[in-house]
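Given the sequences, and given the hints that come with them, work out the whole structure.
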Amino acid sequence: MMWVTNRGVRPWRARSTIVISGAVLALVALAHVAVANGPDPVARLFAAAAAYAPMPGGLSVGAVRDLCERDALCAAQEFVAASAGRARLQKVEHPDSDTIRWVDSATSVAGFGRMADGRAWLTLNRFGRKAVDELRGALEELRTDNGALDLVLDLRDNGGGDFGRMMKLAAVFTGEINNSLYLIGTEDRIPVKIVGMNTPERLGSLTVVVGPRTASSGEVLAGLLHRYAGAELVGEPTAGKDYIVRVIPVDHDWRLLVRAETIEVPGVDLRGGLRPGRAWPNGGLNP
Amino acid sequence: MSRRNFSIHTAVMSLGVGVLAAVSWSAPAAALEEAGRYLFVPNRASADVAIIDRASQELVAHVQVGRVPHQVVVSDRLAKMVASNTEDNTISIIDLKTLKTEATLTLGQEPEHMELAPDGEVLAVGNIGAGTVSLVSLTDNRELARVDGLFEPHNLTFSPDGRLLYVANLGADHVSVIDVAEARVVNEIPVAEPTPLAAAGDPESMEYQGIINVTRTPDGRLGFAVHGEGNVMAVIDLRSQKKIKSLALGELPWRAYSTADGRYMLVPNNGDRTVSVISTDSLEVVATLPGAEDMTGVNSGWFEATAFVISRGENKVVVLDLVELKKVGEIALPGTPETGVTTPDGRTLYVALSGSNQVAVIDIHTRQLVKTIDDVGDEPWGATMAGALNYCH
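Line by line, the protein sequences are chains F and L.
When we follow my numbering, the leftmost residue of the first sequence carries the number 1, and every step to the right adds one.
When we follow my numbering, the leftmost residue of the second sequence carries the number 1, and every step to the right adds one.
Quick caveat, the hints were computed from the structure, so don't treat them as lab data.
Be aware that one or more of the hints could be misleading.
[Unchecked claim] Simulated crosslink set (DSBU-like; lysine-lysine; CA at most 30 Å straight-line):
| id | chain 1 | residue 1 | chain 2 | residue 2 |
| --- | --- | --- | --- | --- |
| 1 | L | 326 | L | 245 |
| 2 | L | 371 | L | 316 |
| 3 | L | 326 | L | 316 |
| 4 | F | 193 | L | 245 |
| 5 | F | 193 | L | 243 |
| 6 | L | 371 | L | 327 |
[Claimed, not checked] Just a sample of chain L residues kept apart from chain F, beta carbon distances all over 12 Å, derived:
| id | residue |
| --- | --- |
| 7 | 54 |
| 8 | 78 |
| 9 | 141 |
| 10 | 343 |
| 11 | 368 |
C-beta atoms are modelled at their ideal positions from N, C-alpha and C, and glycine is treated no differently.
If you want it as structure tokens, here you go:
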């Protein structure tokens with residue numbers, strides 16, 4: 001695991017221990033009772049969601065059960081309708097055999113090369129399974145000698161993605177960092193560590209280009225690199241999505257995405273979006 | 001058998017002569033009365049199963065099945081072989097005494113992984129595209145029931161008495177438990193907490209990796225379920241059906257592979273190219289050893305003193321000494337390895353090579369590649385043997 005809390009406990013486990021409320025206990029009890037007659041998908045869904053977000057106002061488990069019986073998708077739709085935008089449903093795009101077995105994996109590094117001024121550039125658009133390998137491979141190709149690399153990292157089309165993989169990728173530049181960021185729940189504030197498994201890349205300078213399409217994990221990465229790797233942020237303000245979404249399976253075809261913890265990087269304002277110190281000349285990678 | 005013969009055979013098949021009936025040639029007169037003598041290799045692209053005589057290390061027959069056969073299982077007791085034809089949504093049931101197709105059953109969408117109950121009569125098939133599991137009687141050649149309520153069911157594991165079936169949900173964070181007699185899900189065992197994402201819009205869901213497999217100890221006491229997104233492995237008490245421990249592993253762990261003696265569980269971590277070795281006695285990670293890129297399987301043998309980690313990304317197997325708990329070598333392979341099987345005596349490892357249409361034969365004691373069996377078919381995808389510790393991707 002590349003990111004753990006400084007207490008050595010994963011934040012979601014700590015949260016699920018701390019945030020147990022009467023309502024959650026009731027839901028868990030409901031789930032256990034239901035198991036005697038086979039698992040109740042509605043109880044499972046609500047118990048999982050309640051560990052991260054309060055039950056939406058006005059939503060009664062009993063009323064949902066009356067309406068939906070054991071239909072988890074129906075219950076999830078009711079949850080979304082009552083959540084005032086804090087939850088949404090996602091249709092699952094089922095992986096094919098080759099995706100499951102890693103034969104196919106969408107590319108994360110969209111391109112890299114040399115700018116006219118001699119600096120290297122690299123565009124990172126997502127946080128796929130092989131993002132770190134792709135990044136390290138590209139950096140290796142960009143190094144023409146043993147000297148430190150001056151790198152421009154373009155995150156303008158990076159809308160975020162898997163939070164854990166983003167933290168792992170950050171470690172490539174920062175190395176190990178305690179208390180790198182905090183996850184703020186309704187009742188606690190959990191420090192999260194970047195775990196550096198290898199020596200961080202040696203860079204002469206690091207410039208991170210961001211823009212309005214830089215969001216969520218993309219913004220957090222930019223903030224972490226600014227804070228811990230001395231990166232200069234340039235470009236335009238970012239989207240300002242500063243929270244974690246938890247993925248809760250509903251059934252074979254649907255997942256419920258529930259807004260959970262808020263992300264806080266010390267000294268970096270994510271809430272209003274990152275505000276770069278200067279614009280990126282010409283908007284391109286070849287100023 | 002030559003490639004020319006194979007082509008003629010395929011052409012005849014394509015003309016519709018005996019399309020549904022499996023056809024063989026150069027099969028021994030007594031066919032396959034002792035299924036344990038043979039190695040079965042499904043070929044995804046040529047839609048057939050190659051049968052190799054272990055004694056002579058020669059290809060002795062091909063049996064045509066449906067499109068994109070993913071896995072083969074063999075019931076020694078009933079002398080039947082089954083192939084899951086993922087593209088056709090069917091399974092082919094083959095009589096090994098005649099090498100004829102007894103039945104082609106249409107199941108749910110994308111039947112992929114299969115597991116045979118200990119009695120050799122009931123077959124469980126995960127229809128990964130439909131979220132269902134089919135229970136099939138190999139005695140009657142019919143689907144007994146189709147169980148719903150699963151989430152991209154991947155590998156399946158029977159309890160030693162065959163009463164329960166543990167389903168690894170690739171699309172969820174829990175293991176489902178099916179009561180086979182009742183043909184319904186009776187429990188769900190949580191393995192990991194919901195995956196955290198931070199993404200604008202709809203996050204991608206294709207690369208979500210929940211649970212690939214539940215690997216049980218030979219005595220059926222413990223189950224080990226890896227959650228890829230959480231980088232953790234749950235240790236499950238299968239009698240109480242409770243998670244009793246969670247172990248931190250490397251990056252993007254794949255699944256646990258048991259040594260035949262049940263002493264260790266070995267987990268390839270594809271994210272950081274390591275292999276976690278877990279003692280089933282202490283339930284601790286006792287070593288983290290070097291692995292390789294895109295590891296698809298682990299086989300052990302020779303008194304369970306040696307393990308071979310199959311690396312599709314680097315066309316090799318990494319050799320681990322399970323006594324010293326260290327890497328002791330590598331064996332380069334001439335093609336892209338998929339999965340393999342160790343003979344029940346622990347002496348020989350067969351690995352399907354999809355890139356070169358071969359099967360590699362490795363002497364486990366000497367840790368040497370001793371032979372390749374050529375022209376086994378197009379895109380060999382795995383190797384299966386009756387009485388062995390079989391697994392699929």
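### Status of residue 343(L), Cβ more than 12 Å from any chain F Cβ
25 Å, holds
### Task
Take the C-alpha atoms of residue 193(F) and residue 245(L), compute the straight-line distance between them, and say whether it is at most 30 Å.
23 Å, holds
### Query
residue 326(L) and residue 316(L): Cα distance at most 30 Å?
Satisfied, since the Cα-Cα distance of roughly 17 Å is no more than 30 Å.
### Query
Is the Cα-Cα distance between residue 193(F) and residue 243(L) 30 Å or less?
Holds, at about 26 Å.
### Query
Against chain F, does residue 141(L) keep a CB gap of more than 12 Å to every residue?
26 Å, holds
### Query
Holds or violated: residue 371(L) with residue 316(L), Cα cutoff 30 Å?
Roughly 15 Å separates the two Cα atoms, so the pair holds.
### Given hint residue 327(L) paired with residue 371(L) - CA-CA distance at most 30 Å
Answer holds: residue 371(L) to residue 327(L) is near 23 Å, not above 30 Å.
### Message
Just want to verify: residue 54(L) was marked as not at the interface with chain F; is every Cβ pair farther apart than 12 Å?
### Response
27 Å, holds
### Task
Beyond 12 Å from every chain F Cβ: check whether that's true for residue 368(L).
27 Å, holds
#### Entry: Nearest-CB test (12 Å) between chain F and residue 78(L)
28 Å, holds
### Query
Keeping to a limit of 30 Å between CA atoms, is the pair of residue 326(L) and residue 245(L) held or broken?
Within the cut-off at roughly 25 Å; holds.
Comparing the model with each earlier hint shows no violations; every hint is respected.
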